[in-house]
Structures are given as structure tokens and as C-alpha cells.
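Q: Please build the complex by placing chain B on the supplied structure of chain A, with the hints as guidance.
As a plain string of letters, each chain reads:
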Amino acid sequence: MTRTGWVIANLFRRRTRTVLTLLSVIMAFLLFGLLQSVNTIFNAGADFVGATRLFVQARVSFTSPLPVSMVPKLEAIPGVARVAYQQWFGGVWQENTPLIMFATDPQRYHDVYPEWIMPDAQWQAFARTRTGMIAGKQLADQYGWKLGQKIPISSNIYPQKNGSKSWAFDLVGIFDGKDEEWKKRTNLAFVQQDYFDEANQFNVKGRTNFFILKLTEPGKAQAVSRTVDAMFENSPDETKTQTEKDFNISFVKQIGDIGLIVRWILFAVFFTLLLVVGNTMAQSVRERIPELAVLKTLGFSDRSVLGFVLAEAFALVLFGGLIGLALASIAGAMVEKGTGGQFQLALDGSVWLLGLLAIVLMSAAVGLLPALRARRLRIVDALAGR
Amino acid sequence: MSNSEPGGNSMSEPMVQVHNVTKVYERGKQKIEVLHGLTLDIPRGDFVALMGPSGSGKTTLLNLIGGLDQPTAGEITVAGRRIDQLSSGQLAHWRAHNVGFVFQFYNLMPVLTAEANVELPLLLTRLSAAQRRKNVAVALEVVGLADRAKHKPKELSGGQEQRVAIARALVSDPQLLVCDEPTGDLDRKTADEILGLVQVLNREHGKTIVMVTHDPKAAEFARRTLHLEKGQLLEQAA
Chain A
1 MTRTGWVIAN LFRRRTRTVL TLLSVIMAFL LFGLLQSVNT IFNAGADFVG ATRLFVQARV
61 SFTSPLPVSM VPKLEAIPGV ARVAYQQWFG GVWQENTPLI MFATDPQRYH DVYPEWIMPD
121 AQWQAFARTR TGMIAGKQLA DQYGWKLGQK IPISSNIYPQ KNGSKSWAFD LVGIFDGKDE
181 EWKKRTNLAF VQQDYFDEAN QFNVKGRTNF FILKLTEPGK AQAVSRTVDA MFENSPDETK
241 TQTEKDFNIS FVKQIGDIGL IVRWILFAVF FTLLLVVGNT MAQSVRERIP ELAVLKTLGF
301 SDRSVLGFVL AEAFALVLFG GLIGLALASI AGAMVEKGTG GQFQLALDGS VWLLGLLAIV
361 LMSAAVGLLP ALRARRLRIV DALAGR
Chain B
387 MSNSEPGGNS MSEPMVQVHN VTKVYERGKQ KIEVLHGLTL DIPRGDFVAL MGPSGSGKTT
447 LLNLIGGLDQ PTAGEITVAG RRIDQLSSGQ LAHWRAHNVG FVFQFYNLMP VLTAEANVEL
507 PLLLTRLSAA QRRKNVAVAL EVVGLADRAK HKPKELSGGQ EQRVAIARAL VSDPQLLVCD
567 EPTGDLDRKT ADEILGLVQV LNREHGKTIV MVTHDPKAAE FARRTLHLEK GQLLEQAA
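Protein sequence lines, in the order shown, are assigned to chains A and B.
When we follow the working numbering, the leftmost residue of the first sequence carries the number 1, and every step to the right adds one.
When we follow the working numbering, the leftmost residue of the second sequence carries the number 387, and every step to the right adds one.
Keep in mind the hints are simulated off the structure, nothing from the lab.
Be aware that a few hints might be false.
Said to hold, decoys possible - For lysine to aspartate or glutamate, the following DMTMM-like pairs were computed, each having C-alpha atoms within a straight-line distance of at most 25 Å:
hint, chain 1, residue 1, chain 2, residue 2
1, A, K205, A, E233
2, B, K417, A, E198
3, A, K184, A, E115
4, A, K178, A, E233
5, A, K165, A, D194
6, B, K540, A, E287
7, A, K205, A, D170
8, A, K214, A, D197
9, A, K150, A, E233
10, B, K536, B, D559
11, B, K538, A, E181
12, B, K536, A, E291
13, B, K538, B, E590
14, A, K165, A, E217
15, B, K540, A, E291
16, B, K415, A, E95
17, B, K538, A, E287
18, B, K616, A, E287
19, A, K337, A, E198
Claimed, not checked - Looking from chain A toward chain B, a few residues come up when the C-beta cut is under 7 Å (computed):
hint, residue
20, M1
21, D170
22, T297
Where a beta carbon is used, it is the ideal one built from N, C-alpha and C, also for glycine.
Extracted from the complex, chain A is given alone in its bound form:
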């Protein structure tokens, strides 16, 4: 037997309690790993490396539409090959299923997104059918939509001129992704911008939520971004230009200060963990007062006994923490793969380092008081049950 063996043996003296506590630690560090990764993503600076498309939205918020008349100016910027635009439709399928659905100019969209694979005939049908709609394969499969069907869709934002929020579109095309990564993103649908402009009751004609700039070469992303924003600076329609990835992130950021939310969640998680593990350790030491006294009787110093209790706390948190972080790594990698790299949740070194620091601090926090109690106990009193 070794001192380490003694610590481990004590840890599993009450298996159920230890396993339940371990599960709490695992869950806490799983959340820590994932949320810290989310935080890293949201706190990361703009990354233009390898970007082939840029998104232009109103500087205030993408919910403030920009005039479509900006298109020629944007297309004139060196490095911009083609410009498409998208207007959020707020589509709802059946009673309450929200859809990712935009109004767009079919030809421009086709030019900017060669990653969508759809027969030319269907692209042409989309361009010439005013009530036409195209849907991603995933979406069409999910709701059983077939080509030629009339699809009734409500908008939770835009009513038609007659006041009804119920719309009906002709499904003229179903597109797929060019590879596995893009196939996973075929959960959205598009309708014609012209028809939307004419038929909706609101005064948003000639305006759109954002532009998508297809670049002539990836290396120009940062320069084009600066040029666009400088071009519309101090105008009524100031812009914010960013990569597709950053746009997706800022889309989520509309919810609120993600960093703050994450910090509060983590605070709550770790505070709860502190109470759970702290209680376990305190209980564990309280139950073993006579045994700790015997250890001291046998010649283990006060410091050794303190070390044993701290080591138990550390082992418990370390074991659970490492499993939690490992699970977070796996889950993060799966999310990253599942979203085609749009959300890079895989844990990087900094998250692991922070996790290890959290393990050390948490061990000290939960172990110190019981350890000090064990260190201070007087043999004679403890053996007498006082």
C-alpha cells in the first residue's frame, strides 16, 4: 500500500456518494469546457483569413435594413466579384415551427453561392416564378415537401397587403450541398425578393437585411471590409462588414452579452459545485474523525493528515474535472463538425489550462476547511468522541 493508495481507498469508502459527487464535478467541468469555448469564440477578434465572402449589415444591427441601391457601389469596389442580398422573412411552418427563410434575388444568390447544388432548370424556375421558393434538401425531407407543391408558410413579421400573415409559395427547387459540410447546412429556404417587396404590407421595399459580397480572392477580405465600411461612414446607412463566420456569431450575439451570460452561468455552476463537493468533503472528514485521530496516533503528523484530506479533495475534483473536460472536448468537436466548422467549440489549450486552474482552485476551496479541521483535531478528544 502507498499513501496514494490510502487516499484513493478513502475516496471510495462510500461509493454512491463519491460517484454522485463525481458526476456533479464532471457535469460542471463539461459545462465549463463548452461555455468557455463559446466565450472564446465570442471574444475572438475578426478573422479574415481564408474568407471568400463578406457580409455587410447596418452598423447598428442587421435588423435595420439597408437600401438595395447600395449594390452597384459595392460591386464597384476592387476585389468584389458579385453581390447578393438577403432579407429575413420570419417564416413559420404550420403552427409554430420557425424556419430559416430569406427573400433574395435568385440570380445573384446563385452566383454568390456555388456551393448549393441544384439543376439549372430549377434555378431558372426560381428566377421566373414570382411566388417561387427553393428549399434545402434537409428542410424538404424533414417536412416532406415535393417539387411543384404549394407550401403554406406564415411570417411572424410581414403580413401581406391584405393583412394576412399567411403566405403560399410554389416549391420550384430543392438544393443540396456540394460536400458533406454544405449538405449539413441545407436547412433553409428562399423566396423571391421582388415578390416579397411587392406583396408585403410594410414599407421595406428596396431594402434588405444584409449584402453578401463574393470576393475575387480571399486575400482581399480585410481590405474590402475596410473599404466598404469607410465608404458608408457618416451616411444614414453606416455598415459593418465581416466574414460569414463572424456574422453568424454576431447573429447569436443579438441575444445579449454572451460573455456575461457565460460568466454568470459558470459562476452559478461552480458555486453549486463548491457547496456539493464541499459538503461531501466536510461530511467525509466528520465521519472519520476517530480514524484521523488513529492516523495521528500512529505517528502521522498534523501536516500529513492535512495533506491526506487535501489530496482527497484534489483527486476527486481532478478526476471529475479531467473527465468533464475530455467530454467537453468530444462534444465540442462534434458540434464543430456538425456545424461544418461554423461554431468552433473544440477545446483549445487555453480552455484546458483554465480548466486545470479551476481544478486546483476548486480543490483548495472544498478541501481546505475540512483539511484544517483534520489538522487541528486533538487525538485524545477525537478518540474519546468529544
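A: Positioned in the frame of chain A, the structure of chain B alone reads:
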């Protein structure tokens, strides 16, 4: 202390010298004097039974001799070393190398096997794992429990648990064994077996033994019996 005083002995040099020891406990605002200037010599190789009514100070005296507690006043010397002035850390180190303890309720570690329990004190030595295992095997052999080495305390009878406790007390080869009511939780037959074993340790292995007991039959196994009452030594019985 002279040999003519209660507890004195002329057999050989004293293993334990207790000189004018007073012990006062503080319970809240109350001060309780348990031992009143007690003086006692226990020669090397002796087997002493300490008897007396509850509250007479037997266990307090045993704790002081075993270095589990410090006297309020007076001197305690064990195997030539003054232990009443040692710090808590020094005392722990001293205990590890000089005293073995046997308790009434065995006080084994329930999560460890018999052999791991016996090995526990050896973690404080520099012995190799192989040497530790060897010493543990010898100690368990001495108490007749070699075949129960892999059993945990809950798988052993009371008598067997006490044998494991005795093996644990012996394994680091201390000169002094202090036993606090070692048979208080055992039936007569098992108690006699345990006391017989303790007697063997004294007679054949030369261990000095100080044993607190309420049981006159247990005291008969000792070489002599000392009686305490109200914190003072009354007499020495042959």
C-alpha cells in the same frame, strides 16, 4: 523518583519515568485536574496493568505515557527521552518509532485489508515496499492471522480485529506497547486469547506493556497491577 515510591521497580533501568505529573483539562470555563503530581517508574520489559474506577485518570496517564497528550506540569521520560517538552510534530515522529497502541474498539481502517492496516505505520519509515510487505507478514504471523491478510475488518471477528490491531502496533518494532482496555469489547475466551498474546509479546519479545483495564482477570496477565484513584497512584500489587 525512587524505587520505594508507588510504582517503582528495581528490575532494570526504567522504560517509563513519570515524575510529579499533573494534568488539568479545561472544559469551557471549568478546570478539571485529573492527575495530581503523579510519580511512577515502569522498568524495561515490565507488563503493568493500570486499574481504577472511571474518572480515576487511567486513560489520561496512558495517553501521557504514549505521547498522545502533554502534561500540564511534571516530567515524562520514555526510553531515556523527555517527551513532555516535544512539539506536536516531534511527538508524532517519536510515537511512530517508539510506541505501539492497542485500543478497546480496535480502531482499524475499514477501507483497508488486514495487511494494509498493519502496513499503515510503515508508510512513515523509509522501508521499501518489499521490506514493508515482509514485516507485515511477520507481524501477522506473530498474531496468528497470516491467513486473513486479505480480509477487511468487517470480514473478521472481534478477536481477529484486535489481533490485527496488535500486529499494527508491533510492526514497527516499538519498545513500548500501550493498551487501552484491549479486551473490553471481547468475550472471556477471546479476551484470554488476546491477553495471552500480549503476555507472549512481553515475555518472549521483551516488549514493555502498559495496559489499562477494568477487568481483574485481565490484570492477572500482567506482571503487576497499579491502582489509581482520583488521579493518584494508590498501591502496587504483585
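Q: Are the hints correct? Go through all of them and say.
A: Verification of the hints:
Of the supplied pair hints, the one linking K205 of chain A and E233 of chain A holds, its CA atoms being roughly 23 Å apart against a limit of 25 Å. Our distance criterion of 25 Å between C-alpha atoms is broken by K417 of chain B and E198 of chain A, whose separation comes to about 97 Å. Note on K184 of chain A and E115 of chain A: the hinted pairing holds, with a Cα-Cα distance of about 12 Å set against a maximum of 25 Å. Our distance criterion of 25 Å between C-alpha atoms is broken by K178 of chain A and E233 of chain A, whose separation comes to about 37 Å.
Restraint check: the Cα-Cα separation between K165 of chain A and D194 of chain A comes to about 18 Å, which is no more than 25 Å; the hinted pair holds. Note on K540 of chain B and E287 of chain A: the hinted pairing holds, with a Cα-Cα distance of about 17 Å set against a maximum of 25 Å. Of the pairs offered as hints, the one joining K205 of chain A and D170 of chain A holds, with about 22 Å between alpha carbons and a cut-off of 25 Å not exceeded. With a C-alpha separation of about 24 Å, the suggested pairing of K214 of chain A with D197 of chain A holds against the 25 Å cut-off.
Proposed proximity of K150 of chain A and E233 of chain A is contradicted: the alpha carbons are some 43 Å apart, above 25 Å. A threshold of 25 Å between alpha carbons decides the hint, and for K536 of chain B with D559 of chain B the separation of about 22 Å falls inside it, so the pair holds. Taken as a hint, the K538 of chain B and E181 of chain A pair is broken in the structure, with Cα atoms around 58 Å apart against an allowance of 25 Å. About 20 Å separates the Cα atoms of K536 of chain B and E291 of chain A, which keeps this hinted pair within 25 Å; it holds.
For the hint linking K538 of chain B to E590 of chain B, the alpha-carbon distance of about 29 Å lies beyond 25 Å, and the restraint is violated. A C-alpha spacing of about 42 Å is found between K165 of chain A and E217 of chain A, which places the hinted pair above 25 Å, so the restraint is violated. About 15 Å separates the Cα atoms of K540 of chain B and E291 of chain A, which keeps this hinted pair within 25 Å; it holds. Taken as a hint, the K415 of chain B and E95 of chain A pair is broken in the structure, with Cα atoms around 76 Å apart against an allowance of 25 Å.
A distance of roughly 19 Å separates the Cα atoms of K538 of chain B and E287 of chain A; the hinted pair therefore holds under the 25 Å criterion. At roughly 33 Å between alpha-carbon atoms, K616 of chain B and E287 of chain A are farther apart than 25 Å, so this suggested pair is violated. At most 25 Å may separate the alpha-carbon atoms for a hinted pair to count; K337 of chain A and E198 of chain A exceed this at roughly 40 Å. Proximity of M1 of chain A to chain B holds as hinted, the smallest CB-CB distance being about 4 Å (cut-off 7 Å).
Given hint, D170 of chain A at the interface with chain B, is violated; its Cβ is 73 Å from that chain's nearest Cβ, farther than 7 Å. Among the interface hints, the one on T297 of chain A holds; its C-beta lies about 5 Å from the nearest C-beta in chain B, closer than the 7 Å criterion.
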